[in-house]
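Trainee: Under our numbering, think of the first position of the sequence shown as 123, with each following residue one higher.
For the record, the hints were derived by calculation from the structure and aren't laboratory data.
Possibly wrong hints are sitting among the right ones.
To be verified - With a straight-line cut-off of 20 Å between C-alpha atoms, the simulated PhoX-like cross-links for lysine-lysine are:
hint, residue 1, residue 2
1, Lys-236, Lys-188
2, Lys-254, Lys-235
3, Lys-275, Lys-228
4, Lys-228, Lys-196
5, Lys-277, Lys-196
6, Lys-433, Lys-415
7, Lys-188, Lys-256
8, Lys-235, Lys-249
9, Lys-235, Lys-275
10, Lys-228, Lys-277
11, Lys-254, Lys-196
12, Lys-249, Lys-188
13, Lys-133, Lys-188
14, Lys-236, Lys-249
15, Lys-144, Lys-133
To be verified - Cβ pair distances, simulated, as ranges:
hint, residue 1, residue 2, range
16, Lys-433, Phe-204, 42 to 52 Å
17, Lys-133, Lys-188, 56 to 66 Å
18, Ser-341, Arg-224, 36 to 46 Å
19, Glu-177, Ser-389, 45 to 55 Å
20, Met-213, Leu-474, 21 to 31 Å
21, Lys-133, Ser-437, 16 to 26 Å
22, Val-360, Glu-197, 14 to 24 Å
All figures in this text were calculated on a predicted structure; none of them were measured in a lab.
C-beta: ideal position from N, C-alpha, C; glycine also.
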Amino acid sequence: MSGFLELRGLKKQFGDVVVLEKLDISINEGEFLVLVGPSGCGKSTVLRTIAGLEEPTEGAVYIAGKNVVGVEPKERDIAMVFQSYALYPHMNVYDNMAFGLRMAAKLSEDEIKKRVGEASEVLRLQKYMERKPKDLSGGQRQRVALGRAIVRKPKVFLFDEPLSNLDAHLRNQMRVEIRRLQQDLGVTSVYVTHDQVEATTMGDRVAVLQGGRLQQIGSPAEVYGKPANAFVAEFIGVPEMNFLSGTGDGGRIRLADGAFEMANAPSGNLTVGLRPESLHLSREAAGGGLQAKVELVENLGAQALVHLRLKNGESLRALTPYNQQPRLGENLQVTWPSGSVHLFAPESGEALGAK
123 MSGFLELRGL KKQFGDVVVL EKLDISINEG EFLVLVGPSG CGKSTVLRTI AGLEEPTEGA
183 VYIAGKNVVG VEPKERDIAM VFQSYALYPH MNVYDNMAFG LRMAAKLSED EIKKRVGEAS
243 EVLRLQKYME RKPKDLSGGQ RQRVALGRAI VRKPKVFLFD EPLSNLDAHL RNQMRVEIRR
303 LQQDLGVTSV YVTHDQVEAT TMGDRVAVLQ GGRLQQIGSP AEVYGKPANA FVAEFIGVPE
363 MNFLSGTGDG GRIRLADGAF EMANAPSGNL TVGLRPESLH LSREAAGGGL QAKVELVENL
423 GAQALVHLRL KNGESLRALT PYNQQPRLGE NLQVTWPSGS VHLFAPESGE ALGAK
């Protein structure tokens, strides 16, 4: 590995509980990496270990070629933005942004004023500098927290679920603002979230964690289009991938309610993965598809999510245009493009390839 920020063999253990298991990640200078996974997967522990708030049981953390394990957090030249804004309620915006510089850096008041002014301009906070946190909206408070990190001009930004306290509209807005800001500043950044939409829309690369282990790391397109295992396939993508039990048999895959041709399909038991957006619904019979009954239709605006039940009891979900919604109880033919099928080993969940 030769990244600007490197995690080498990182392990973290609390008593008998292993939180991180031999984690190896290399992050390039200026890259925006998102760590994503369900609650308890270890993603925040990774961030705290980079920051120096936790020491690893084993392994090393390198920043700009230096192993910082054992180095005090304040000496690591990082800035962290938390889920909680952590603003001082008795200070105005200017003093909240300047406070860290006054405490930690040997800077003149003129230099502090310059840095705060530059950050406030980037974050569009100029007219709020005299306000207290109680007089700001949630989005404005989050921008102040970002500004406090920016003025330090760190080597690395760390973001610990910074948008979790915002409503959906503000989350979407701040998601774009943070990404643009990171691109403008070019600072190496690690962002933690449980929201896979945040992960795939913001990250240059996405690292998917589960049970303290790295499941896959790659571009958003890679983890979506070529998931390494069934966990990644299910976690990345909205709505979640459908899974059906199948059997490979000489270029053909048999399902409980049908079969379809698939060149080079492996023999034996398989788990077949189909994304809802890949499924086509038709009232006319088509070869190679499945018969399913409509159980529920969820209106999502431009699209509708159709819940279907196969004859053997297995379920499917399909996305359709809002103006092509089927009727409840209707029997439909379900088909899909040949290149949209994902195959997984039933027991391990490992990907067997998508054709």
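Trainee: All hints, please: hold or fail.
Mentor: Hints versus structure:
no. : hint                            : verdict
1   : Lys-236 <-> Lys-188             : violated (30 Å)
2   : Lys-254 <-> Lys-235             : holds (18 Å)
3   : Lys-275 <-> Lys-228             : holds (14 Å)
4   : Lys-228 <-> Lys-196             : holds (13 Å)
5   : Lys-277 <-> Lys-196             : holds (12 Å)
6   : Lys-433 <-> Lys-415             : holds (8 Å)
7   : Lys-188 <-> Lys-256             : violated (41 Å)
8   : Lys-235 <-> Lys-249             : holds (15 Å)
9   : Lys-235 <-> Lys-275             : holds (14 Å)
10  : Lys-228 <-> Lys-277             : holds (17 Å)
11  : Lys-254 <-> Lys-196             : violated (26 Å)
12  : Lys-249 <-> Lys-188             : violated (40 Å)
13  : Lys-133 <-> Lys-188             : holds (18 Å)
14  : Lys-236 <-> Lys-249             : holds (16 Å)
15  : Lys-144 <-> Lys-133             : holds (5 Å)
16  : Lys-433 <-> Phe-204: 42 to 52 Å : holds (51 Å)
17  : Lys-133 <-> Lys-188: 56 to 66 Å : violated (20 Å)
18  : Ser-341 <-> Arg-224: 36 to 46 Å : holds (40 Å)
19  : Glu-177 <-> Ser-389: 45 to 55 Å : holds (49 Å)
20  : Met-213 <-> Leu-474: 21 to 31 Å : violated (57 Å)
21  : Lys-133 <-> Ser-437: 16 to 26 Å : violated (39 Å)
22  : Val-360 <-> Glu-197: 14 to 24 Å : violated (41 Å)
Comparing the model with each numbered hint stated earlier shows that hints 1, 7, 11, 12, 17, 20, 21 and 22 do not hold.
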